Amino acid sequence: MSLIWPQITSKLENELPSKEFNTWIRPLQTIEKNKTLTLLAPNHFVLDWVHEHYLPRIQEIIVELKTVLTEVSIEIGTKQNQIKRTPDLKKHRVKQTQLKHSVPSNLNKQFNFKNFIVGKSNQLAKAASTQVTENIGGAYNPLLIYGSSGLGKTHLMHAIGNNVLVNNPDAKVIYLHSERFVQDMVKALQHNTMSAFKNFYRNIDVLLIDDIQFFAGKERSQEEFFHTFNTLLENKHQIVLTSDKFPKEINGLEDRLKSRFGWGLPVSIDPPDLETRAAILMSKAASVKIDLPQEVAFFIGKRIPSNVRDLEGALRRVIANAHFTGKEITIGFTKEVLNDLIAIQDKLVHIDNIQKTVAEYFKIRVSDLHSKKRTRSITRPRQLAMTLARELTSHSLPEIGESFGGRDHTTVINACKKIKELKETDSRMAEDYSSLVRILTH
Amino acid sequence: MSKQLPLDFKHRSNQSFDDYFSGDNEEVVSHLKQCSDKNGEPFIFIWGPSGTGKTHLLQACCQQTAQTGDSTFYLELKSGQLPDPSILEGLENLALVCIDNIHFLNEIQHHQEHYFNFFNRITEQGNHLIISANGLPTQLNIPLTDLKTRLNWGLTLKLERLSDANLMAALSHKAHRMGFDISPQAATFILSRYTRELTDFWALLNILDHATLSAQRKVTVPFLKETLNL
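Sequence lines, in order, name chains A and B.
1 is the number of the first residue of the first sequence in the numbering used here; add one for each residue after it.
1 is the number of the first residue of the second sequence in the numbering used here; add one for each residue after it.
Same shape as in the complex, but just chain A:
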C-alpha cells in the first residue's frame, strides 16, 4: 500500500462532504512506484469524475506534503490486475484490462445435488440434471431448465458443473450468466480479439449459461451464441441453459434460437409445495448447524409461499435474530421476528384476492365460485381457489369453506386432495397452479 495515499485521503476526508468522499475517493486503489502515484479507478465513470474534480487537488496536496512523488496518474483497474500490467504503465495513462480467456469455472461449490431438496415441483429437473452428468453431450443436449426466479435453476446448474468435475477433474466446465457472455463478446469486438473469443467458447466441455432470457433484444450476441451453440452441439459438448420461461415465450429472441433451445430436453421447475418448502428450510438451517423445529419450518413455509430465495431470506432473519438475542427459535419467536414480512404477505394474499385472481384467470365470475353450480368449468377453478387459500393464507378450513358460499370444511379438504392428484396427472393443472401462485405472490 502507498504510504502517502493515507495522508492524502486523511486531508481529503476533512475537506469533502462525507458522501462525496465515500463515493469517489474510497473506491480508489493506488500503486506508488518510481516517484509516480497511480490511482486505480473501478471504471470509466469514476475515472472521469475523479480526473475532473479531484485530481488537481490531489496534486496540490502532494506538493503541500513535500513528498518524493513527482507525478500522479489515474487509470482503470484493480491492484490485482494492475500489478501484472506494470511494465506498460509509463506509456498509457488510461488503459482497460484486456479480455482474459483463462477464466475460472465460476462454480459455487456450495451448490451440489446432495443439498438440493427434491419435491414434486422439481424432481424431473433434478433427474435430468443428474442424467446429464452421467452422459455428457448425450440425449439431453441442450438441457434447458425453465421456471420463475428463485426456484433453484442456478443451484441445479452449479450442481451439474460440480458433479462433472468430481467425475472428471480435467473437464473444461464454465458457468456464466448470459450477461457475461454478452460482455465478453463486446470486449472481444472492442479489442479485435473475436477469434480468441470464439476459440475459447467453442472449446468448452460443459457450458452452463444462466438466464438466457437476457439475450432478448441483443441481436449480435444471439448470432454469436447461435454459432457457439452449434459448434458445441456438433462436437457433442454439453450445453445447459436456464430461463425464466419456455424459450418460445421469450420476446426478442430469434426464432432459430427458440427452436434450437428446445431441441434437447426442456424441463420446468415449479414453485415448491408446502412440504418441500419446509424440507428446504430445515436443510438450509442444518447447513448452518441450526436445529430448526419442524413446526417452525412449516410455519415459515406456509407464510412465505413464493420462492426459495424468499424462504432463505426469512430464515436468515430468524437465525440472525436468534443469534443476537440468544432466544430459542419457536413459532412465537418466529412470528415476532417476521412480523413485517408476514403482514405484507397477508396483504398480498387473502381469500378475496385469490377468488378474484382465479375467476379472472379462468374467465368466470367470482359469484360462480360462491355458487352451488357443479359443472366442471366452475368446480375445478373453485377447488383450485380453495387449495390456494389453504396453501397461501393462514385461514382455517372452516373459514375457507365459509368464504366459498358457506361450504363445509370437508369440502375444502376434498378440494385440496383432488387438486393434489390432478397436479400429478394433468400437466395443464400443474401449470395453472404454478401460474396462479406466481401471480398471487409477486
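One or more of the hints may lead you astray.
[Stated by the list, open to error] Selected chain B positions facing chain A (Cβ under 7 Å, derived; list incomplete):
1) 17
2) 27
3) 59
4) 66
5) 68
6) 87
7) 89
8) 91
9) 140
10) 141
11) 145
12) 146
13) 155
14) 156
[As the list claims (entries may be wrong)] With a straight-line cut-off of 25 Å between C-alpha atoms, the simulated DSS-like cross-links for lysine-lysine are:
15) A:109 with A:289
16) A:335 with B:38
17) B:38 with A:284
[As the list claims (entries may be wrong)] A few chain B residues facing chain A, derived, Cβ under 10 Å:
18) 55
19) 75
20) 92
21) 158
22) 168
23) 169
24) 199
To be clear, the hints were calculated from the coordinates, so they are not data collected in a lab.
From a predicted model like this one, the values you see are computed outputs, not experimental measurements.
Note that beta-carbon positions come from the ideal geometry of N, C-alpha and C, so glycine has one too.
Keeping the supplied structure of chain A fixed, place chain B upon it in accordance with the hints.
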C-alpha cells in the same frame, strides 16, 4: 460584555458507527459492523422510514471496511438523478459496495437489469453488498422479478424510528461529542418546538455550538428561543 468571535470551524459529522446513536436499532448496527468487518452476512438489506439513519450507517460501513485498507463504494440513488448504470462496472472487485435508496430504481426501469447483473457479479466474486430502501423488497416497485427475488435473499433488517427518550439521548450524545451539554428541558423543547428529525440534528448542533461559544452561554430554553427565533 462584547460577544466573543468563535473561529469559523464547522464540526463535521464523520458518519461513523461511534457517531450513530443506535437506540432500539442495536441488532441492525451489530450485523452491519460484522458485515463491514467481512465476517457476517455478505448481503444485507436495511429498510425503514427516512430519518432513521440509513445513509449514515451505509457510510459508517464504508468507513469501517476502509480502515483495513480495503476499497469501498457508496452509491447514492437520488430521485430524478439516477446515475448512468456504467457506474456499476467493476465495482464487484471492491470489498464492500453500499447502495442507498434503491427504491428510486422504479424511475428508470431498464436500469434494473444492470443492478441485477451487478448483484450476480458481486455475489460470484464473494464481496460484500449492503443496500438500503424505504420499504421491504416485496414492497418495492421493481418489476424485474429476478432482481426482486435477489433483494429478498439477503439478511433483511428494519431500522426503527427512535422513541422520544432515545431522540433526546441521541441529541445529548451528539452534543456531548461536540463538547457541550444540552439539558433534558432544552432537549424536550427542541423535540416539541423545533425538529424531531435525526437528519436535522447535526445542522442544529452546529448552530448551537457556534452560538454558545459566541455568547458564552449554556443551552437553556430561553437561549434556544432567542437563537432559533421561536
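Results for each hint:
1. 17: violated (13 Å)
2. 27: holds (5 Å)
3. 59: holds (5 Å)
4. 66: holds (5 Å)
5. 68: With Cβ-Cβ at 11 Å, over 7 Å, it is violated.
6. 87: It holds, given that the least Cβ distance between residue 87 (chain B) and chain A is near 4 Å, below 7 Å.
7. 89: Interface hint status for residue 89 (chain B): holds (4 Å vs cutoff 7 Å).
8. 91: Holds: closest Cβ of chain A sits about 5 Å from residue 91 (chain B), inside 7 Å.
9. 140: Where the cut-off is 7 Å and the nearest Cβ of chain A is about 11 Å from residue 140 (chain B), the hint is violated.
10. 141: Since the shortest Cβ distance to chain A is 12 Å, the answer is violated.
11. 145: Status holds, d = 5 Å.
12. 146: holds (5 Å)
13. 155: Nearest chain A Cβ about 5 Å off; hint holds.
14. 156: Since chain A brings a Cβ to about 6 Å from residue 156 (chain B), closer than 7 Å, the hint holds.
15. A:109 with A:289: holds (18 Å)
16. A:335 with B:38: Roughly 29 Å between the alpha carbons, so the hint for residue 335 (chain A) and residue 38 (chain B) is violated.
17. B:38 with A:284: holds (21 Å)
18. 55: It holds, given that the least Cβ distance between residue 55 (chain B) and chain A is near 8 Å, below 10 Å.
19. 75: holds (7 Å)
20. 92: Because about 9 Å separates residue 92 (chain B) from the closest Cβ in chain A, which is inside the 10 Å limit, the hint holds.
21. 158: Check passed: Cβ of residue 158 (chain B) comes within 6 Å of chain A, closer than 10 Å.
22. 168: Violated, because the Cβ-Cβ distance from residue 168 (chain B) to chain A comes to roughly 25 Å (cut-off 10 Å).
23. 169: violated (21 Å)
24. 199: violated (13 Å)
Hints 1, 5, 9, 10, 16, 22, 23 and 24 from the earlier list are contradicted by this structure; the remaining hints agree with it.
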